[in-house]
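In order, the protein sequence lines correspond to chains A and B. Sequential numbering of the first sequence, starting at 1, is according to the numbering used here. Sequential numbering of the second sequence, starting at 1, is according to the numbering used here.
Hints are computed from structural coordinates only; laboratory data are not their basis. The model shown is predicted, which means the values in this text are computed figures rather than measured ones. Certain hints may be false.
Chain A stretches covered by chain B per the calculated footprint, using a threshold of three residues with CB under 8 angstroms from any CB of chain B [unchecked claim]:
#, stretch
1, 55 to 67
2, 128 to 134
3, 141 to 148
Glycine is no exception: its CB is placed at the ideal position from the N, C-alpha and C atoms.
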Amino acid sequence: MKQGFFDKLNSIILIAGFGFFTLTLFVVVILPVLDPVNSKPSENLLPYTEEELRGRNLYISEGCWLCHTQFVRPVGGDQERYGQVSEAGETVYDKPHLFGTRRIGPDLARVGKKYSDEWHFQHLFNPRAIVPGSIMPAYTWYFDKDPAKPNKDAKAIVAYLQKLGTGIGRKREAQPAKAENDVKSLINAGKTVFAANCSPCHGQKGVPTLPGAANFTDEEWVHGGRMEDIIHIITQGTPKGMPQWTGRLSDAQIKQAAYFVKSLSPSGKKEMGVE
Amino acid sequence: MQEEVINKDLVKGFIYSSIVWLLIGAFVGLIASLEFFLPDIFKDIPYLQFGRIRQIHVNGVAFAWWGTATFGLIYYVVPKLCARPLINENIAKVHLWLWNITMLFTVITLALGYNQGIEVGEAVWQIDVLVVISFLLLAYNVFGTVFKRKEPHLYVSLWYIMGGIIWSSLNYIIGNFAGVYLVSGVNSADIHGFYLHNTVGILITPMGVAMAYYFLPAATKNPLYSHRLSIIGFWTIAFFYPFTGAHHYLFSPIQTWVQTVAIVTSMMLIIPVWTVVTNFYGTMRGKWHLFPQDFTVKFLIIGNVFYVITCLQGPAQALRSVQPPTHFTDWVVGHAHLAIFGVFTMWLMGIVYYIMPKLTGRELHSKTLGHWHFWLVLIGFSIMALDLWFGGLVEGFQFMRPDIPFIDIIHIMKPFWIIRSIAGLAMFIGFVIFAYNIFMTAKAGKTVS
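The whole structure should be built from the sequences, with the hints applied where relevant.
Structure representation (structure tokens):
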């Protein structure tokens, strides 16, 4: 078999080996990196604070980026679900990037300021208490046995999460995410669920028509007033006559109703940041 | 009689340790899969959460199983094709120990939460340094032996091994150092896509194909069907593959032209796959009766079928119109398993069946166990792949409906995840049977007549 140009040792090592690799490196790595568009920070983007950076490193070490992506695409329903499409300048301080390749959980590129710190602590401590059916791990080691007692690391993680997506400034308000997890959207959706299912006993606005049914406009929470308590009661019912709604309402509907219920009391309004 | 050029103990060291890693990597994958429907199964144990063990599975099967076995086979194939022993067997022994220790460090540090945040490059930089040293030790022996070879003609497997070493060493350094410490944001993602797909395309693919090109002719005792096709395959893989990396981040803020280059070159990869497939089926001419009889032929040819599917599925996934229902879903997970397991692991397992008699002088301990192994992994994997693709499409189409709450999609996926775990269990049992069979062959197999 005659050895031609293509199976000579030098061709293989120098051209196919080093040559092609270097060519590709130049075209799809060096040229794009030299493009200044990728190094200019977005309008409102500040570098990470020390606490946020520590939180980010914990996010990396726990592998959160394996389930949660961080970029909103212009396709696939991303914008309606998550908000504004991600810009090149938003991740200028991200070393390394955390774009992600799999959505086992929702994208977090615009999760910043969507939920209160308290929501995040409750969710991190036991995701299933806040989102029934969630498969996210319970990060109990960041707490002193109680979601109300986050340690320094938990606070750092939440500080990091609260920054995500805030770098585009006013552009963010121009296109808020519709869908499921925005607190206001949840309360709005919950209003409909409540009216259809709960109002016969609890009244349209939480003042009960059925004697013995709970009043949601006061500050008395017999079975506990945390979000997870309310979700639990709606799901399981109580021995005193509140029915079980699991199976009759989806987990998402139960969550929406719980948000609406909580928003009916003065302290609930304050905690959730609504009127 | 031909002078013995192989250091059998050296190759055995790599092969046996690789099988231990196969069991570990697969087992970790199995328990990770349980967390999808039993999320509290390891409650309060940080080291066993999905976010820590997922990369132990990936690094375990890609580097620790596949890498270790492949290094061993390189130390078998290179001396054979150069008709001389390795220029320095002691350095190869250092490589064996260094590599296994590096893999052990990788597993431990990942469980403890030390993580660079780069998929398939999670191990911290200290481990990266050890990996690069391993590559350099390998390069020294491979290139040294090739430069001093007694057989003047360079067989195709040697091109792929040499190219693979050059590409992988450069790629590993760029991905694990430049992509993590030198650049940020979109640039970091661009380098990561480059690194990630190069690991599959110009490390795993060339080495895997190199081995199949050697062991299929060896097992069938037929010459390779076409030298010219092997040239076309090699040069098109070398040219097109490194451009494709951005297909991992389509519709991200990476520049559109870079993404388009990635899509087009992903399509061009259809060329080399046809050369490889034609060459393998051509090499089987007149020897198809071996397919039911010979485990090596069985695994290599089935792996070849999966190779065709992988290299048609991959380009299709890179198309912009196919992205919305597939990207970010289990569909892609299915594709990844099709490549790393369906092609490259099936090939390696088949080659182990071939090489054990050569290394130990003993016949396979049990053909029955071999059949159990084959069918368990084939059926288990087929169910897993179909489950991930169907589930992935269900997931993807629901992602596209923003009125469907995310948590409702999780509920719909749970049955698919349960099926995946059952399929994975079947595969794991198959691996255990394989490991037992190989172990018994080494200890007590009948001497080859």
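A quick look at each hint next to the structure:
1. 55 to 67: With 8 residues closer than 8 angstroms to chain B, the stretch 55 to 67 of chain A meets the three-residue bar; holds.
2. 128 to 134: As far as the stretch 128 to 134 of chain A goes, the hint holds, because 5 residues have Cβ atoms under 8 angstroms from chain B.
3. 141 to 148: With 1 residues in contact (Cβ-Cβ under 8 angstroms with chain B), the coverage given for the stretch 141 to 148 of chain A is violated.
In this structure, only the earlier hint numbered 3 is contradicted, and the remaining ones agree with it.
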